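Listed below are the residues making up each chain.
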Amino acid sequence: MNAPLHLWLIPLLPFAGFLINGILGRRLPKWIVTTVALLAPLAAFGVVLNAAQGFFGIGAAVSSLPYIETCPLPWINIAALHVDFSFVLDQLSLVMLLVVTGVGFLIHVYSVGYMNDDEGYARYFSYLNLFLFFMTVLVLAGNALVMFIGWEGVGLASYLLIGFYFQKKSAADAGKKAFIVNRIGDFGFLIAMFLLVANFGTLTFTEIATKLGQDPGWNGGVVTVIALCLMMGAAGKSAQLPLYIWLPDAMEGPTPVSALIHAATMVTAGVYMVARTHVLFDHSPFALGVVATVGAATAIFAATIALVQNDIKRVLAYSTISQLGYMFLGCGVAAYSAAIFHLMTHAFFKALLFLAAGSVIHAIGGEQDLRKMGGLWRKLPITFAVTTVGVLAIAGIPPFAGFFSKDAILYAAFNQGTNGKILYSVGLITALLTAFYMFRLWYLAFMGTSRSPEVHPHESPWSMRGPLLILAALSICGGWIWLYGFGEFLAPVLGARVAETNSWRLLIPYTQYSLSLETVLSIVAVLVALEGWLIADKFYRRKPARPASLAAALPSGYKLLANKYFVDEFYGATVVKPLLGFSKVFLEWVVDVGILGGAAWLLGGMATFAGAILQRWQSGNLRSYAAWLAAGAAAVLLFLLVPWTTVLAYLAAIHLGVAGH
Amino acid sequence: MNAFFSQEVPLSWYLLLSAILFSLGVVGFLIKRNLITVFMSIELMLNGVNLSFVTFAHQWHAVKGQIFVFFVMMVAAAEAAVGLAIIIAVFRARATLAVDRIDRMKL
Numbered sequence: 001m002n003a004p005l006h007l008w009l010i011p012l013l014p015f016a017g018f019l020i021n022g023i024l025g026r027r028l029p030k031w032i033v034t035t036v037a038l039l040a041p042l043a044a045f046g047v048v049l050n051a052a053q054g055f056f057g058i059g060a061a062v063s064s065l066p067y068i069e070t071c072p073l074p075w076i077n078i079a080a081l082h083v084d085f086s087f088v089l090d091q092l093s094l095v096m097l098l099v100v101t102g103v104g105f106l107i108h109v110y111s112v113g114y115m116n117d118d119e120g121y122a123r124y125f126s127y128l129n130l131f132l133f134f135m136t137v138l139v140l141a142g143n144a145l146v147m148f149i150g151w152e153g154v155g156l157a158s159y160l161l162i163g164f165y166f167q168k169k170s171a172a173d174a175g176k177k178a179f180i181v182n183r184i185g186d187f188g189f190l191i192a193m194f195l196l197v198a199n200f201g202t203l204t205f206t207e208i209a210t211k212l213g214q215d216p217g218w219n220g221g222v223v224t225v226i227a228l229c230l231m232m233g234a235a236g237k238s239a240q241l242p243l244y245i246w247l248p249d250a251m252e253g254p255t256p257v258s259a260l261i262h263a264a265t266m267v268t269a270g271v272y273m274v275a276r277t278h279v280l281f282d283h284s285p286f287a288l289g290v291v292a293t294v295g296a297a298t299a300i301f302a303a304t305i306a307l308v309q310n311d312i313k314r315v316l317a318y319s320t321i322s323q324l325g326y327m328f329l330g331c332g333v334a335a336y337s338a339a340i341f342h343l344m345t346h347a348f349f350k351a352l353l354f355l356a357a358g359s360v361i362h363a364i365g366g367e368q369d370l371r372k373m374g375g376l377w378r379k380l381p382i383t384f385a386v387t388t389v390g391v392l393a394i395a396g397i398p399p400f401a402g403f404f405s406k407d408a409i410l411y412a413a414f415n416q417g418t419n420g421k422i423l424y425s426v427g428l429i430t431a432l433l434t435a436f437y438m439f440r441l442w443y444l445a446f447m448g449t450s451r452s453p454e455v456h457p458h459e460s461p462w463s464m465r466g467p468l469l470i471l472a473a474l475s476i477c478g479g480w481i482w483l484y485g486f487g488e489f490l491a492p493v494l495g496a497r498v499a500e501t502n503s504w505r506l507l508i509p510y511t512q513y514s515l516s517l518e519t520v521l522s523i524v525a526v527l528v529a530l531e532g533w534l535i536a537d538k539f540y541r542r543k544p545a546r547p548a549s550l551a552a553a554l555p556s557g558y559k560l561l562a563n564k565y566f567v568d569e570f571y572g573a574t575v576v577k578p579l580l581g582f583s584k585v586f587l588e589w590v591v592d593v594g595i596l597g598g599a600a601w602l603l604g605g606m607a608t609f610a611g612a613i614l615q616r617w618q619s620g621n622l623r624s625y626a627a628w629l630a631a632g633a634a635a636v637l638l639f640l641l642v643p644w645t646t647v648l649a650y651l652a653a654i655h656l657g658v659a660g661h
Numbered sequence: 662m663n664a665f666f667s668q669e670v671p672l673s674w675y676l677l678l679s680a681i682l683f684s685l686g687v688v689g690f691l692i693k694r695n696l697i698t699v700f701m702s703i704e705l706m707l708n709g710v711n712l713s714f715v716t717f718a719h720q721w722h723a724v725k726g727q728i729f730v731f732f733v734m735m736v737a738a739a740e741a742a743v744g745l746a747i748i749i750a751v752f753r754a755r756a757t758l759a760v761d762r763i764d765r766m767k768l
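One line per chain: the protein sequences are A and B, in this order. Taking the numbering used here, the leading residue of the first sequence gets 1, the next gets one more, and so forth. Taking the numbering used here, the leading residue of the second sequence gets 662, the next gets one more, and so forth.
Everything labelled a hint here was simulated from the structure, so no lab data went into it. A hint or two may mislead.
To be verified - What follows is a set of in silico ranges between Cβ atoms, one per label pair, in the way DEER data are often shown:
id: 1; chain 1: B; residue 1: Asp761; chain 2: A; residue 2: Leu602; range: 37 to 45 Å
id: 2; chain 1: B; residue 1: Ala750; chain 2: A; residue 2: Val591; range: 52 to 60 Å
id: 3; chain 1: A; residue 1: Gly620; chain 2: B; residue 2: Asn695; range: 13 to 21 Å
To be verified - A few chain B residues facing chain A, derived, Cβ under 10 Å:
id: 4; residue: Leu685
id: 5; residue: Val687
id: 6; residue: Leu691
id: 7; residue: Ile692
id: 8; residue: Arg694
id: 9; residue: Leu696
id: 10; residue: Val699
id: 11; residue: Phe731
id: 12; residue: Glu740
id: 13; residue: Arg765
The structure displayed is predicted, hence computed values, not measured ones. Yeah, the Cβ is synthetic: ideal placement off N, Cα and C, and Gly gets one too.
One chain only, chain A, in its complex shape (with noise of 0.2 Å):
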């Protein structure tokens, strides 16, 4: 591959967009702001598509990758650092254009019907573009740093987006709760990549592994601490415990871009993180024991919150934690193709999930309640129908695209040494719930008879419509290029590293799958799933009391589940209320008022007290002006033509000779 690719017109195309949409997008009619928005990544996604052609047979060999793009200008170059301003397209950053752009374009569509009567509507597709433009930046950056810069930018594009009906408190409060959680994670992020600077002297991620690999000393202290200060910053932005609570709050935002950043796209950087500095993770069984953990541990948690929403959007978000929480058990157990693999179905089955809710909430005018809806079905067919596909998909049924994924990942935790068992049966209750709460979701909302008959509910426009049918599609056939050999397609970039001695490092080798095996497993997992769906049957449709009486036999852990184990209950009163309270007591009346207030009422103070002696001269007298003139003329004259320092040795004389007698 020697013709150019020009990468950086896939970041800088929806930048242009959000220039020329976010300046002058009030003054420029509506037509054209569609189709600037639209052009943007729909261009995008054709350079995209226009790179992978050369290499897109999967499992083929591909020898001209990575294809490396460096800006012509050196970017930061001090002393014994070097950072160039470069792009990296290989299996792993082209699979995540795909989609990013891909499903991206599709929701760009969408919200062209969804937002069509919103005041604000160049403004929320500048944001769409802006957004686009610093995920490609992060998604194609070929060090730290230039990931670092999209990691920033996409936190501001979500912030816009998430506070984008900023009138309303609860949604600018939501889009603050979103930005300050997600810098704690970003400090994780900043501290590893001094650490790496430090002790590598380098950011760009090949030269890392390089480094790694040729000093077999290279195994866990430093690197478990750099490893575990990323695995921060993926928590961060990736919603796992314990930073997962800006999530729920997103919701806030307009429903496509839930399905865009929330779901499908931003919220995985942390997991596409992970898998691109793989290799540190590899030298730690530690970080990667921390990793699996944690994703385990949040899967199950947000899956056991979802069970009890009844908003539509926060059952998908908790879901969406809890799928999260699924690629980090992925990555956790060195599976990082597994992982990757569940983010791109899970991008397609959760944007088409949270796009179908949005046609629902579209449709029955804001109301996003499940308990007010029910009897869907007859009114949305097409939205029905494209949910079912996303329930069936998310739920694990084959052949629909999450089975697969799901499957590969429980299939590698399950073949993972240690304590793989653990993290397997945490990852099948997890399917198990997962089931239950989407086929909940769908039963009350599509199911029964509508329990809000006074609305009259209609299907959307085409521009919805579309992409909710493409996503359906992809949802039901992207699982099966795992088939095709997806996972050695990656396999150069997240590869096959070499085993040493730890049984931890041992990457499963997909060629050698033992199909018994997995073809056992599978067969759990689906009946898991089966037996997900059996239950929600019974809750909402054959004995729709029970889900009542279950949380009245249960009263402590259903209020403990409804209130989201009062996780941000805890947080305020350990962190949020402290830190107010220092704010107030130490930064506000001792710093603020006291010192630099302080400071401040002195300074002003002293030159008012001079003013006021000092304008008294300023009388407004012409002739007294002229005098103080006269004056300092004489005195400059007399400072200059009398010999003062003879004056001085002469009166000094004069003292000593008094002095002497």
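Could you slot chain B onto chain A? The hints should help.
Frame of chain A, contents of chain B only:
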């Protein structure tokens, strides 16, 4: 002509005269209330300075001092034109030329 008149006037006399002229100008500027008198005092100061310029130019046989005098005279002429115009404008506006009463710029 006798010897008294054929003698050259000593340098110090010229300088003394110059200082007297300048001091008169300063004093006039400070104590006079009429704007025109103040203005004339300024001219007096300028001419006092001019005299010392010419004196030194003659003493040191340097033409620079004389050139300076021409400059000063030119500036004084320009200043007279502008100054008198301002005085007329002030008089028209305020119907007074007493400097103590032209104090609207005061705080």
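Where does the structure disagree with the numbered hints, that is, which hint numbers, in rising order?
Violated: hints 4, 11, 12.
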